[in-house]
Each structure stands twice: as C-alpha cells, then as structure tokens.
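Sequence lines, in order, name chains L and A. Count along the first sequence from 1, add 17, and you get the number used in the working numbering. Count along the second sequence from 1, add 271, and you get the number used in the working numbering.
Everything labelled a hint here was simulated from the structure, so no lab data went into it. Just so you know, even glycine gets a beta-carbon here, dropped at the ideal spot from N, CA and C. Incorrect hints may appear among the rest.
What the hints assert, rightly or not - Some chain L residues judged to face chain A by a derived CB distance under 10 Å, without partners named: (1) Lys62; (2) Leu65; (3) Gly66; (4) Glu87; (5) Thr95; (6) Glu96; (7) Ser109; (8) Leu123; (9) Ser164.
Stated by the list, open to error - Label pairs and their in silico Cβ distance ranges: (10) L:Glu203 <-> A:Gly471: 32 to 40 Å; (11) L:Thr240 <-> A:Val485: 56 to 64 Å; (12) A:Glu295 <-> L:Thr245: 52 to 60 Å.
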Amino acid sequence: MIQVENLHKSFGEDKVLKGIDIQFDHGKTNLIIGQSGSGKTVFLKCLLGLIKPTKGTIKYNQEAYSEMEEERQRDLRTEMGMVFQGGALFDSMTVFENVEFPLRMLTKRKKKDRRDRVEKVLKRVDLDNVEDKMPSEISGGMQKRVSIARAIINEPKYLFCDEPNSGLDPKTAIIIDNLIQEITHENDITTVINTHDMNSVLEIGENIVFLQKGVKAWQGDHTQIFKTDNKAVTDFVYSSDLFKKVRDAQLKGI
Amino acid sequence: MLKKVFGRMTKGSVLRELIFKDIEDLIINSMGIVIFISFFIGAVVTIQTALNLNNPLIPKALIAFTARQSIILEFSPTFISIIMAGKVGSYITSSIGTMRVTEQIDALEVMGINSVNYLVFPKIIAMLLYPFVIAISMFLGILGAYVAGTAGGFISSEAFLSGLQDDFIPYQLAYAFIKTFFFALILATIPSYHGYYMKGGSLEVGEASTTSFVWTSVLLVVANYVLTQILLS
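With these hints in hand, go ahead and build the complete structure from the sequences.
Rendered as structure tokens:
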C-alpha cells in the first residue's frame, strides 16, 4: 500500500503539485490520468524517489519514504519495478541481458537459476526467440513487453508504469493493459499507471485518480467514471464522440 | 558527484565486466589515434628543431635532446590528453548523456542501483591505465623523431642516440607520469559529470559533448600549469 499525504512539488515559482492526498491499495491497478502538464509524471517520479517533493509525505507500508536514509531508499527501490514510457531498455545489452539485469545486480542467484527465471518471465509476457536480439531490433510493442519483463523479474511489491501504451497500436495496447492487470492480480502487487489512454481507463481502471493543474480533481473506478458529473473529468474523458457514445450506452444499460 | 561515485558499490562480478569494457572502449580503442599522432608529432618536432639549429657550432645531438624533452615533458602528456578530451571525453559524455535522455539512468536508480558508481567508477579505474598510453606515446614520439631525423638526413643515428641520453633526469619522467595520472582523473570525471547531469534531448547530448570537451581541455591546461609549478619549480 502507498499513502500520499499533502504532496507538494515546486520548480522555482512553478507549483506543479499542490497538496495531493491519495492511497493506492495493493492488488489493484491504480491509474493516474490528466491532461499534459497536470503533474502526472512529476507525481510518479516523486513516488519513485527520482524527484524530491517540496512538502508532504509518501509512505510505503506505513514507512515514510521521504524521511528514509538514502541507503534505505535504495533498498526499498529494489522492491519496485518500473515500465518507462520509452522502455528505457539498456541499448548495449540484448533482450535477455536486459531482463536478467536486476537479478544479476540485486540477487545472488546462480547463472542457471537466472536463466530459468528469465525464460519463465519472457514466456509470461509472450516473448519467444528474441533473447539474443538487441532492443533496437525488436518492435515497440515487444520493447514494452521486455520492459515489463524486466520490471517484474525480481518479483516487485510495487509496479509503476509511465504511459505504457504510448506509441502502440490499439490491439497491442489492450494486450499490454491486460498483461499489466493480470500480473498485478497474480502477484498481489501495488500497480500505479500513468496514462492518457482512455481505453486503459475504461478497461483496467480499478482506482482512477484524475489530476488537474497539480491537484486531485476526482477519484473513482472505471464504473463510476461513467456516472460522474465532474465537468473536468467528463471534458477530459469524453472529449471524443466515440467515448461519449460508449458512456451513453453504459448509462442506458445497453 | 564524487561522493556518490564511491558510495554504494556495484556488485563485484558486474563491476569487473564494466571495468574491462571501459578499458576496451577508453584505452584500447584510443590506441590507434595515439600511435598515429605521437609518431608524426615526434617526427615534426625533430624536423623543425633540426631546421632551426643551423649553427655549425651547435652539436647535432641537441636535436634528439630537444625532441626527447618536448615529447616527454609536454607533447605526450598534455597534447595527447587534449586529443583524448575530444575522443574519450566526447564518448563518455555522449554515452552517459544518451542514457540520461532515454531514461536508462532513471531505470538504474529505480532498481536501487547507485547509477553514478555503476557508470563513473569503472571509467575512473579504466583510466588508471592511461599512463601506459602516454608511455607508448612517448616511445612512439621518440621513434618518430628518430625515423624523421635519420631518414631525412638531419642527424646521424649515433648522434641521435647520444643526444637522447644527454642530461637525462629520471624525475622528469616521474613528473610526466604524475601529471598524466591527474589528467586521467580529469578525463574520466569531467565528461561523466556533463553527461550525467545533462538535461534535454538528443540535441542537448551534442551540446553537452562540446561543453564537456571545452571544460576538460581548460582544466587540463590549468592543471598542467599548476602541477608543473608544484613539481618542477
């Protein structure tokens, strides 16, 4: 479980986050949505400890992250997995080496044990015969799967995803969404996803937080989002005619 | 940054691989240009010295003496280091900078890895071999001087070998290697700093490489002055 209390972040005069309070439960896919510039990425980086908040507390299982010693923070990060928007795969390593990397760096597992685990996880994300390829030799969708495989290889307690569907075709995007949700449920982990993708919101949003200009403007799940009359949310989510029709159909029970 | 370099250490087996890779990238892959430049610089120094020493009262052995002093004291340690600031420095800044803009450094940090130690420490260790590069450069510079001097008819082989040994002070060699050691630290750390702390995209990677080269060169020249003042005066 992650608890965020009164989180503020400013860059000089620019106040990006203005007092956010959220709780993310484990075993759920938690989605952060909002327009560009609403503070989603800064919020996610604060959760990860890549950016230090100006004010406020982030607690991982009741332990205040921002008050920990740097070494303890690093220990805690070994329990996190992150899927970056661009994949952030190490371009000098093969797919296998990328996925194996956290095991090599953070565990004392033997080579054979590591190989078995990597093969199992690559199979879990539906990747075959790409172990020896370089990241530049595989498609964007495959890179995302490799990134997910690397994020879950060390069985993290927390999984963070920054725009996991960006740049993917709709079919691959749905596959990636479902994969993340299945992994979250299978391993009972806390997953936080930053997304613009309304398909993801409606498909896997078990806890949706809408950020607007650095504040939490709405929170609910993917069924509640159809019923909300919060104008900021409806303007954002139903900005396309297709989603308006989906909403109308849902409300009419079609 | 230096505090973080020696902070939480990367796992030994991984660190060993990284050091060997950096030795290959930074040291071995630089040998070609070092060999080429050193040989021809040695040759040019000899020709220019010979052409300026046209007084028959000045012994020809002085040509070799001058070439030796120029190569050991300045050309190999300082001139080659500035070349290396361009070659190795740009490589370090652009490779770390690219990792920064593609979020690979963030990926390391999120895993709980000390990314500064992972990226910079192996480069510092690899660059400890830099004095060997300079030793090879000195040897080839003098070889170039010998070839140009004798083949060009400026000096006989015997006179060259005699001049090469005239008034040789071993401490000057120590001075050259001491400053080379400091230059190695500058070559490993300044470009790493510019790559690690860069902001922006691919265009900024190029800008960071240029800035890194400028600052590394400036620091090399200043360090050269300070070390010479301390060690020789």
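Tested hints:
1. Lys62: holds (8 Å)
2. Leu65: With a closest approach of 6 Å, the L:Leu65 hint holds.
3. Gly66: Since the shortest Cβ distance to chain A is 8 Å, the answer is holds.
4. Glu87: holds (8 Å)
5. Thr95: Status holds, d = 4 Å.
6. Glu96: holds (8 Å)
7. Ser109: Since chain A brings a Cβ to about 9 Å from L:Ser109, closer than 10 Å, the hint holds.
8. Leu123: Nearest chain A Cβ about 7 Å off; hint holds.
9. Ser164: Result: holds, 9 Å to nearest chain A Cβ.
10. L:Glu203 <-> A:Gly471: 32 to 40 Å: holds (39 Å)
11. L:Thr240 <-> A:Val485: 56 to 64 Å: holds (59 Å)
12. A:Glu295 <-> L:Thr245: 52 to 60 Å: Given about 59 Å between the Cβ atoms, the range holds.
Checked against the numbered hints given earlier, this structure breaks none of them.
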